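For reference, the chains in residue letters:
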Amino acid sequence: MSKNKTKTTLADYDLILDESPHIFEKWSSQWIMLQVIIALLLPLAAGTYFFGLQVPFITGVAVLTSVISEYLYERLVRKRVTITDLSAVVTGMLIGLSLPNGVTWYAAVIVSVIAIVFIKMIPGGIGKNRFNPAIGGRIIYLMAPWIVNAFVSGEDVLTTASSAEAITGATIWGADLVSSATPLYYISSGVSEIPEGAQTLWNLFLGNQGGWGGSLGETSSITILIAMAFLIIRRVINPKIPALYIGTFALIMFVYSGFDFEYVLYHLFSGSLLLGAAFFITDYSSGGLTSMGRNIFPIGAAILTAAFRISLFSPAGVGFSILIMNAIIPFVDKVAMPKIYGHTKRPKVHSDYDITEPLTKRDILTEK
Amino acid sequence: MRLKTKRKGIFPKHNKSRTHDKPIERIDAPAIMVYPMSMHIGAPAKIIVEVGSTVRVGTLLGEAQGFISANIHSSVSGEVISIEDREVISGLVTCLIVKNDGQYIEEAPYPEAGENVAPELVPELIRRAGIAGMGGATFPTDVKMRPPKDKKIDTIILNGAECEPYSTSDFRTMVEYANEIIEGVRVIDGVFNVDKVYIGIEDNAIEAGDVLKEAATGYDKIEIKVLESKYPQGSEKQLIENCTGRQVPSGGLPADVGCVVSNVGTFQAIYRAVRLGKPMVERVTTITGTPIVDPKNLLVRIGTPIDDLIDICGGFQEAPRKVLHGGPMMGKTIKDGSIPISKGTTHITFLTASEVDDEERIDCIRCSECLNVCPVSLQPILISNAYERGDIEKAEQLGAMDCIECGNCSFICPSKIPLLDNIRKSKTAIKQNKKAV
Numbered sequence: 383m384s385k386n387k388t389k390t391t392l393a394d395y396d397l398i399l400d401e402s403p404h405i406f407e408k409w410s411s412q413w414i415m416l417q418v419i420i421a422l423l424l425p426l427a428a429g430t431y432f433f434g435l436q437v438p439f440i441t442g443v444a445v446l447t448s449v450i451s452e453y454l455y456e457r458l459v460r461k462r463v464t465i466t467d468l469s470a471v472v473t474g475m476l477i478g479l480s481l482p483n484g485v486t487w488y489a490a491v492i493v494s495v496i497a498i499v500f501i502k503m504i505p506g507g508i509g510k511n512r513f514n515p516a517i518g519g520r521i522i523y524l525m526a527p528w529i530v531n532a533f534v535s536g537e538d539v540l541t542t543a544s545s546a547e548a549i550t551g552a553t554i555w556g557a558d559l560v561s562s563a564t565p566l567y568y569i570s571s572g573v574s575e576i577p578e579g580a581q582t583l584w585n586l587f588l589g590n591q592g593g594w595g596g597s598l599g600e601t602s603s604i605t606i607l608i609a610m611a612f613l614i615i616r617r618v619i620n621p622k623i624p625a626l627y628i629g630t631f632a633l634i635m636f637v638y639s640g641f642d643f644e645y646v647l648y649h650l651f652s653g654s655l656l657l658g659a660a661f662f663i664t665d666y667s668s669g670g671l672t673s674m675g676r677n678i679f680p681i682g683a684a685i686l687t688a689a690f691r692i693s694l695f696s697p698a699g700v701g702f703s704i705l706i707m708n709a710i711i712p713f714v715d716k717v718a719m720p721k722i723y724g725h726t727k728r729p730k731v732h733s734d735y736d737i738t739e740p741l742t743k744r745d746i747l748t749e750k
Numbered sequence: 035m036r037l038k039t040k041r042k043g044i045f046p047k048h049n050k051s052r053t054h055d056k057p058i059e060r061i062d063a064p065a066i067m068v069y070p071m072s073m074h075i076g077a078p079a080k081i082i083v084e085v086g087s088t089v090r091v092g093t094l095l096g097e098a099q100g101f102i103s104a105n106i107h108s109s110v111s112g113e114v115i116s117i118e119d120r121e122v123i124s125g126l127v128t129c130l131i132v133k134n135d136g137q138y139i140e141e142a143p144y145p146e147a148g149e150n151v152a153p154e155l156v157p158e159l160i161r162r163a164g165i166a167g168m169g170g171a172t173f174p175t176d177v178k179m180r181p182p183k184d185k186k187i188d189t190i191i192l193n194g195a196e197c198e199p200y201s202t203s204d205f206r207t208m209v210e211y212a213n214e215i216i217e218g219v220r221v222i223d224g225v226f227n228v229d230k231v232y233i234g235i236e237d238n239a240i241e242a243g244d245v246l247k248e249a250a251t252g253y254d255k256i257e258i259k260v261l262e263s264k265y266p267q268g269s270e271k272q273l274i275e276n277c278t279g280r281q282v283p284s285g286g287l288p289a290d291v292g293c294v295v296s297n298v299g300t301f302q303a304i305y306r307a308v309r310l311g312k313p314m315v316e317r318v319t320t321i322t323g324t325p326i327v328d329p330k331n332l333l334v335r336i337g338t339p340i341d342d343l344i345d346i347c348g349g350f351q352e353a354p355r356k357v358l359h360g361g362p363m364m365g366k367t368i369k370d371g372s373i374p375i376s377k378g379t380t381h382i383t384f385l386t387a388s389e390v391d392d393e394e395r396i397d398c399i400r401c402s403e404c405l406n407v408c409p410v411s412l413q414p415i416l417i418s419n420a421y422e423r424g425d426i427e428k429a430e431q432l433g434a435m436d437c438i439e440c441g442n443c444s445f446i447c448p449s450k451i452p453l454l455d456n457i458r459k460s461k462t463a464i465k466q467n468k469k470a471v
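Protein chains in written order, with our numbering: chain A, 383 to 750; chain B, 35 to 471.
The following block holds chain B by itself, in its conformation from the complex (with noise of 0.2 Å):
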């Protein structure tokens, strides 16, 4: 049954029809490869290899710095051609480009990884594997594994909840890989030995529900929860409520209420870690909109620069205006062809020039939407005021800080004031003020 949630949202449209029903599609790798550093949040990784190196497939290029890192590994064989620091999705990062040779050599899987890993190995193995959260946040998923003593986890999530326009990855990952994502919960709850495992999909996603159900079959853990397909509904604090009942304190995290989420690619890819000892060296991806001819769901080597997949999607038909590292309401805007498809990337969407609207603000007159719609209940407009007015001590009190960032408020304002943006900008001023003290 659907679950109603109590969580505010908004219904954007869906957009997924053209590619629903595309099967995975795995392509070659080109003859460049870019790898940056910072695939991940926290501390980029140290490159441990240098011009000239012969690299293979699993290959570990940069080595995790620090707790909350991940490791880099070449999703090719070939030869490190150059290390330079590229503007890519986190900003200005060292890449190293590999040139590949078309052999895919590979390197020997982890002696430790099998059927019968021990748990307490099983952090170790998912940090060596250098997995990062699948579903755009790319949070280190050994920091998950690893929460601190106090914390009982009892309940795993799995995020199916592919709330973003456009995107069908998460979607057909769940249809297609659904063994391989149980396999990895089965890995996980050996680990913490939980109570209950929940797998929140939306209700346009259903078939991949009775996937997954199918392959749990005896698996008595494991509830599927259909929740309406509402925006953001796969942002894990909403999930962890709608799942749960549990609200995860403002500035905590969800090992907080007992509970480990992460997106369900991101537990095909621990499968692959544990049991076949192999690193993460590919996601699917959907690579979409109105402008691409054939729109596809790619199953791409991680390194692969956007510009090697817009032909395979048979090119553009019009001519695109916005590039979009993601979907349209939290996707990051791109200009640059040589950004790679990195360990966060569920979907490439380009927007044509009349789907980008650009209309003028007026005043406003309000209508309390911004309020109606924010999924963790702040007054959108007013932290917009107070920034506005200067005053980001009331920003502060009105709980910019608690915004997830959706973007439900722009959205849906019908006087197009930038909401958003002016929290994002109350964000950094308070941090700021923070560290001015």
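Isolated chain A (complex conformation) (with noise of 0.2 Å):
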């Protein structure tokens, strides 16, 4: 017992007062950002192996569009700047990664201020937009020619799509027509088995597509598998939700070709199956939030990604069923709310309930 004068007591440090907790997972949303930013680092290599320079400059392109508009945006409706939390840059680079070969550069700023503008940003920003902002521009990027063509043409393209020149779009992006034929062409459209002159499925896994095409970064199925697996150790994607995409989609094509394993595969490692199921379903805003939104989401995409390859034109199937599953998911997750313990019921909200978070925040108990 230390009854002399040195003893330790608390009033000789400067001690602060706050609530509980104290300590933090030692994580950002930025770090989270940083670790998806990695993972696209692989099949972004890999575009550039297959498709030369193009892909890392197109990507550039984009992701620089991406953020210059999150910026501006930002300063001309005054609010806080957050380009520095890094999700314009994925979204650049998912943008980027999934043009096709010879796609222009105009095109990439278009399909960039879209996604940024009008998806995220005017929705509210990172966490408040409903649909995907990469897909959205991707879908925006496949629809523009037939748009184009229906208002100034005349011609119903939908109903003529089945040239591989309504699927890229070469009239108003100057694309390269034959260079940007994906393989799924091939297999799409009721097709449910595998036709001669096909890629080979050993070629479409590794991505050496021999000049044929498919989106920049999502020629080469191996890289996405690991870009995948690298963010599931990360902890930063649930391995539940790729899996039960991938899991489902193939279920009912393997039913479909009647057993034919061969032909799902092909399926999987064709178009933007794989980087749908690793980078956009598993997106943070878009998806679900509660734990039946996260387990409907997937099935619900690969059900519809499904039905598009099957019956109608593919190359968008992947991003329409993911912009059909974001419009829908939202009110899934005001329906499956969790039941909280000791309740015998799930909470309930009106459906028209603003789940998202506020603009401007209040605290009412300092208001009163």
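Hints are all accurate, no fakes.
DEER-style ranges, computed between Cβ atoms:
| hint | chain 1 | residue 1 | chain 2 | residue 2 | range |
| --- | --- | --- | --- | --- | --- |
| 1 | A | I419 | B | R395 | 18 to 26 Å |
| 2 | B | E121 | A | D394 | 17 to 25 Å |
| 3 | A | R512 | B | D254 | 56 to 64 Å |
BS3-like, lysine-lysine: derived pairs with alpha carbons at most 27 Å apart:
| hint | chain 1 | residue 1 | chain 2 | residue 2 |
| --- | --- | --- | --- | --- |
| 4 | A | K730 | B | K40 |
| 5 | B | K255 | B | K185 |
| 6 | B | K366 | B | K450 |
| 7 | B | K461 | B | K369 |
| 8 | A | K622 | B | K38 |
| 9 | B | K369 | A | K389 |
| 10 | B | K133 | A | K389 |
| 11 | A | K461 | B | K450 |
| 12 | A | K730 | B | K42 |
| 13 | B | K40 | B | K230 |
| 14 | B | K185 | A | K721 |
| 15 | A | K730 | B | K465 |
| 16 | B | K468 | A | K721 |
| 17 | B | K40 | A | K727 |
| 18 | A | K389 | B | K366 |
| 19 | B | K230 | B | K185 |
| 20 | A | K510 | B | K461 |
| 21 | B | K465 | A | K727 |
| 22 | A | K622 | A | K510 |
| 23 | B | K40 | A | K408 |
| 24 | B | K40 | A | K622 |
| 25 | B | K450 | A | K743 |
| 26 | A | K622 | B | K42 |
| 27 | B | K56 | B | K366 |
| 28 | A | K408 | B | K42 |
| 29 | A | K721 | B | K450 |
| 30 | B | K40 | A | K721 |
| 31 | B | K461 | A | K730 |
| 32 | B | K461 | A | K743 |
| 33 | B | K42 | A | K721 |
| 34 | A | K730 | B | K469 |
| 35 | A | K727 | B | K42 |
| 36 | B | K38 | A | K721 |
| 37 | A | K727 | B | K38 |
| 38 | B | K185 | A | K727 |
Just so you know, the hints here were simulated from the structure itself, not pulled from any lab data. Computed from a prediction, not measured in an experiment: that's the story for all the values here. Virtual Cβ for every residue (Gly too), placed ideally from N, Cα, C.
Build the complex from these two chains, which are given one at a time in their own frames, with help from the hints.
Okay, structure coming up:
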């Protein structure tokens, strides 16, 4: 027992008072985005290997445009600038990697501006956008020629979309028509077995498509799978989500093809299915919030993707199915709120109740 | 076997290794002791001594007022030198200041206590001894022993799941006082004659389970439940569900599902009260954290100011920035070193400036992590959003009142949103609204 004058007391120290908890998980939203960026470097590298320097160029343009448009928008509406959270970089990379071989740089700019300003920022910015910006941008890119054709030439492209021309939108974006035809083209629209002349499965897996194309970042399945594994290990994405998506899709295709395993793999390794599984259906903002929502989202998206691939034109199947689920999932989240401990019923809020973070925050207790 | 548990939680660093193997050390009390009249949940005790009164170890200083309240005893012998209002853990409370004469002259034990106490006398002795839950919540224990007539108690649960980081006081108590704890269980079993006794511990305290099992040899009702080390495993409601599969209804008490749950230390205190006739005047507490040179598990007389424990543990090797009554998840910050160790002080944690996180909040990215870690399955971000929108009614509909304030949501949030703060404020606002109506 120290009774001398040098007794240590709390009064000698500068102590702070605040509320619990006092420790926090060592991670941040910025760190999460950084992990996604690291993961995306792999498909980016594969794209560069197979398609050349246009891939980093186009991706760079998309990233730059995304970040700049977020910055300018936030300055314009006098909101806090949030570009340091790196989410705009992720969106830009995803847009770049979703665009097809031979795309022009101004197409990348237009798509990025639309994605960031109209799909992400106007609804309120990160966490408040119902639709996935990169997917939205991609769909707009794919739809643009149809819209233009429909309005300008009066041609009903949807019914004549059996040609690669309509799919790739050569006319308005100036893309190289032949090199952009994806392998998926060969197995889409009702084909239930792999036709002669299609790419080998192994080439699809590695990404060596002999100049055939596909989107810049989705050409090599193996790199996307590695990127997905990285995000799972880093605990950034929940493995359940891509597993449910890929699993449900594979099951449907397996049955549809009369149990042709090779056909299923062909579908898995072509088009944007894996990229969607790793980066789009796992998106936080536009995905499910509740655990039920997070189960239903990938299952629903898989069913829709399969339906698109079986019955309609293919290249936008993944994107469309994700957008449709984006629109549905907030309602699922409200109906499927988790049952609180000690309660027999789920909590209920009205379906039009806004569950997003409010832009202006109130503090009722201090207001009084 | 380790039991995987259903309820969600988090896995913060345990930080228990520095005191895990250190035996409990009994220390002398300092010259000045402080006794707040509220060291428990419920009504404060009424002072029954005066300035100048001579007291002994075990002398009643404050008498329980009302059904939910607890007696306060002196833990030293000496003289009452002052009665004053002071800011302590539970707020502004009247405190008795006693000058310790260093003699430790004890009051006579309760004459009714002993080996053969009638069951109906047990709650009375527990109340007389001023026992309040020693796990930190400090609910008066005798109230648990008097459940409503229509509730049949069939299960006793000992809470040895010490899930707060840094704390090893329960672990050491289990290892070193296993026999007294088991004897305390027999006392309560004598009151309710239960079917089953569970002892819940985390798998980082597995030795404690072995010691308790040995102490309970031949006592077949006892089962040790080794739970995974996960915060908040020691939360009463989760523990009940993990042991019995029953859920306490919203707003209810453990007695509603036939359970009596108490901290392991409380059972030791029950043993001392009922078998030895001694009031609750001391407890085991861990003094720990990076700034402390020699962290220890101490057997401290209740009422010892925190300032008097620092040098016993070697003083500071680094300046503390936060001092916590309890642990980093639920502990309350302290600035005043004259605040005493009370009945619910499991540990005092000191944190350095670098351990005190203060990152800037950014927008929610809807990662769902707060839902993934909430042990009572709330949607913390939605309650927080409702509060910040000014919609108290929605906050209530979303279950704000069911929050157990464990802090998991704020802990995990990558955007550093003060989720628990907002939920706490919602609860306060809801209560204010109820009163206003």
